[in-house]
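2 protein chains.
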Amino acid sequence: MAVAMGSGRVSDCVVVAKVPDGPLSTEHFALQTEEVPDPGPGEVLVRVQAITIGAGQRAGLQGSASYAGAPQAGVVMGGTGAGIVETSNSASISVGDIVVGRTGWRRHAVLDANEVQVADSALDPAVHLGVLGNNGLTAYFGLLDVGRPEAGETVVVSAAAGSVGHIVGQIAKAQDCRVVGVAGSDEKCALLVDEIGFDVAINRHSPDFRAEFRAATPDRINVYFDNTGGEILGSALFRMATFGRIVCCGAVSAYDTANPDPSPRGIPGLLVNNQVRMQGFIVFSYADRYDEARAQMSAWIDAGSLVPRHVTYDGLESAGRAFVDLLGGRTVGTTIVRLGD
Amino acid sequence: MAVAMGSGRVSDCVVVAKVPDGPLSTEHFALQTEEVPDPGPGEVLVRVQAITIGAGQRAGLQGSASYAGAPQAGVVMGGTGAGIVETSNSASISVGDIVVGRTGWRRHAVLDANEVQVADSALDPAVHLGVLGNNGLTAYFGLLDVGRPEAGETVVVSAAAGSVGHIVGQIAKAQDCRVVGVAGSDEKCALLVDEIGFDVAINRHSPDFRAEFRAATPDRINVYFDNTGGEILGSALFRMATFGRIVCCGAVSAYDTANPDPSPRGIPGLLVNNQVRMQGFIVFSYADRYDEARAQMSAWIDAGSLVPRHVTYDGLESAGRAFVDLLGGRTVGTTIVRLGD
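Chains B and C are the protein sequences, given in the same order.
Using our numbering, the first residue of the first sequence is number 1, and each one after it goes up by one.
Using our numbering, the first residue of the second sequence is number 342, and each one after it goes up by one.
These are calculated hints, taken from the structure and not from any lab test.
This one's a predicted model, so the numbers in the text were calculated from it and none came from an experiment.
One or more hints might be untrue.
[To be verified] Have a look at the derived ranges for each label pair, beta carbon to beta carbon:
#1 K18/B - R551/C: 44 to 52 Å
#2 S646/C - S92/B: 50 to 58 Å
#3 Q296/B - E528/C: 40 to 48 Å
#4 E195/B - G493/C: 48 to 56 Å
#5 P23/B - V416/C: 49 to 57 Å
#6 Q413/C - A211/B: 28 to 36 Å
#7 G493/C - A151/B: 55 to 63 Å
#8 A73/B - S366/C: 40 to 48 Å
#9 G328/B - A552/C: 36 to 44 Å
#10 P603/C - G40/B: 34 to 42 Å
#11 A636/C - A151/B: 33 to 41 Å
[To be verified] Sample of chain C residues with no beta-carbon within 12 Å of chain B, all distances over it, derived:
#12 L365
#13 H369
#14 E376
#15 R388
#16 A414
#17 S462
#18 E553
#19 L574
#20 A592
#21 W641
#22 D666
All C-beta atoms in this analysis are idealised placements derived from N, C-alpha and C, irrespective of residue type, glycine included.
Whenever a hint applies, use it, and build me the whole structure from the sequences.
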């Protein structure tokens, strides 16, 4: 079989310039060009219109391998994007379709048609990449399937203004829970309460954090949705109600530093005493239920009970800055980098 | 209403002489006499024939309160015993019945008839207090309801020669699992494999413990039944299979020391990466299913697939020594102190 040769066309991409060993900076990324290969049998060529960046991707740049894979310098950054199909060698996908897939940080991506999803072209790509993408699905399955909140219970969410957290809070409100958010600034806390519907929000940098956390959880915590690990997890462990559930979604406190917080105290004693369940999950394990989740979240969006938020950056060259801003806690909602039409 | 006065009869008991702040010794206990009260309405007077001692009781003597309650010097040691009813002011219990209840470490106990269970008088009290008592029930619900092992999976048990552990291992074998025990001496390890049916047993004091632990779990760990916390929990966390379950039953490594092991590393990252569930439980939450568990375990005992073990001490004055031996890892199976007929 002849190997398909590239057309010679080149296109933009962002590579990992070096693997970080401390806080991420824009210098860890470099805008380059790459040759665009011709799509092979069963593949499609996609002109990427937008990518999303999640804090979990930082785990993929750690010195030790994580669920996001081992780190490598010189390769195109991985990640999820949405775009329009320019060429299709698949019967199931047409030129002009909008698809979502693992494009990486590049303007043109060749993907296996079986590994992309055709999306509603009437919606902004930010919706596909945010609330109906991995972030929203993570919030949905993590809260409802792992956390299993019941009406009247107290749900606490860390990184509450983040892409996952702000959706978790709204889904929890839709379950008639009392919802407490932990976020990284007073501005974010005000926004969580005033605009997103959290009952209370606490600034994790407050000098009185622990006292405020206790005061915000007078009936203790039934479900703690943990996006951070570290100190906030440590505080939550001491506030769990009997039969409480801790949803281990991510450990952003440990991603962007060479000196992560130590493991929380009281493991396993606090889990025994309060009969707490602490459970890690990865959204990809729920792939066969994505349709159910998207249908439910679309219904909530239509009803106005779920209002997804995103922050937008323009141009592939801004992707590194977007990632640094995200990890630095300077964003609210899902981070979207728009690459053009 | 007149307060019932004691008859003036005195009987033996063991009190906490002082609350330990380091390893337990027999000096923390004192044999005394106490006046035996007359049983009130709805109460029974029991001549205690045997008591059992569990490692979890050590938590009740910690400086901080645990599920076993806050520590106190000068009070009679709590605990479970079995004995014969001498006086009954309850229609549901007859003189001569054998009952099991929270007698504490005493020869004569007055108990609420609603809080004792009438037991089969044909069986040795050691059976009621061991495999059909809290230890066996803890093993049963912890393994089957929290751990949920499936045939062919690998189950690892710490404190495997202990009152709970040796039953967990046998129930796991009855589920067609591969069973690995961790115990505190080569003698115990040999006994676990040769006589109790474990597939492999590892001495936690071995200088090559971590390498032996890895070698014993080539397919990683599906269910880790944790009686110890500390270093063994830390090792297990790094060996969990995807969707593995950690049953948090106790933390004996933290009970009998002023300097417990630090919390294990990798929380919550390892739980997320491997989608592990880590869950604490207390057997009393399963009270409405005790009959089911006892029926199943009795059937296994009759079939010869469950062979409970116990170690016996004679006389209430030996109870302190029995507790110290238990915590020092010098016993196999359930610790029983026989007080006489």
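Tested hints:
1. Checking the proposed 44 to 52 Å range against K18/B and R551/C shows it is violated: the Cβ atoms sit about 33 Å from each other.
2. Distance hint for S646/C and S92/B: a CB-CB separation of about 53 Å, consistent with the stated range 50 to 58 Å.
3. Between Q296/B and E528/C the C-beta distance comes to about 58 Å, which lies outside the given range of 40 to 48 Å.
4. Restraint check, E195/B to G493/C: a C-beta distance of roughly 51 Å satisfies the suggested window 48 to 56 Å.
5. Take P23/B and V416/C: their Cβ atoms lie about 54 Å apart, and the range 49 to 57 Å holds.
6. Distance hint check: the CB atoms of Q413/C and A211/B are about 30 Å apart, consistent with the given range 28 to 36 Å.
7. Taking the beta carbon of each, G493/C and A151/B are about 40 Å apart, not inside 55 to 63 Å as hinted.
8. The given range of 40 to 48 Å is broken by A73/B and S366/C, whose C-beta atoms sit roughly 58 Å from each other.
9. The given range of 36 to 44 Å is respected by G328/B and A552/C, whose C-beta atoms sit roughly 41 Å from each other.
10. Distance hint check for P603/C and G40/B: the Cβ-Cβ separation is about 53 Å, which falls outside the suggested range of 34 to 42 Å.
11. Range check, A636/C to A151/B: about 36 Å between beta-carbon atoms, so the 33 to 41 Å window is met.
12. Non-interface status of L365/C relative to chain B is upheld: no Cβ of that chain comes within 12 Å, the nearest being about 18 Å off.
13. Separation of H369/C from chain B is adequate, the least Cβ-Cβ distance of about 21 Å exceeding the 12 Å criterion.
14. E376/C, annotated as away from the interface, keeps every beta carbon of chain B farther than 12 Å; the closest lies near 34 Å.
15. At the 12 Å boundary, the C-beta of R388/C stays outside the reach of chain B, the nearest C-beta of that chain being 34 Å off.
16. With 12 Å as the threshold on Cβ separation, the claim that A414/C sits away from chain B holds: the shortest Cβ distance comes to roughly 22 Å.
17. Against chain B, the non-interface label of S462/C holds: every CB pair exceeds 12 Å, the least being about 34 Å.
18. The beta carbon of E553/C sits about 22 Å from the closest Cβ of chain B, which is more than 12 Å, so the claim that it is off the interface holds.
19. Not every beta carbon of chain B lies more than 12 Å from that of L574/C, the smallest distance being close to 6 Å; the non-interface claim is violated.
20. The Cβ of A592/C sits about 5 Å from the closest Cβ of chain B, inside the 12 Å cut-off, so the non-interface label is violated.
21. Distance check on W641/C: its Cβ is at least 26 Å (rounded) from any Cβ of chain B, clearing the 12 Å threshold; non-interface status holds.
22. No Cβ of chain B comes within 12 Å of the Cβ of D666/C; the nearest lies about 23 Å off, and the non-interface call holds.
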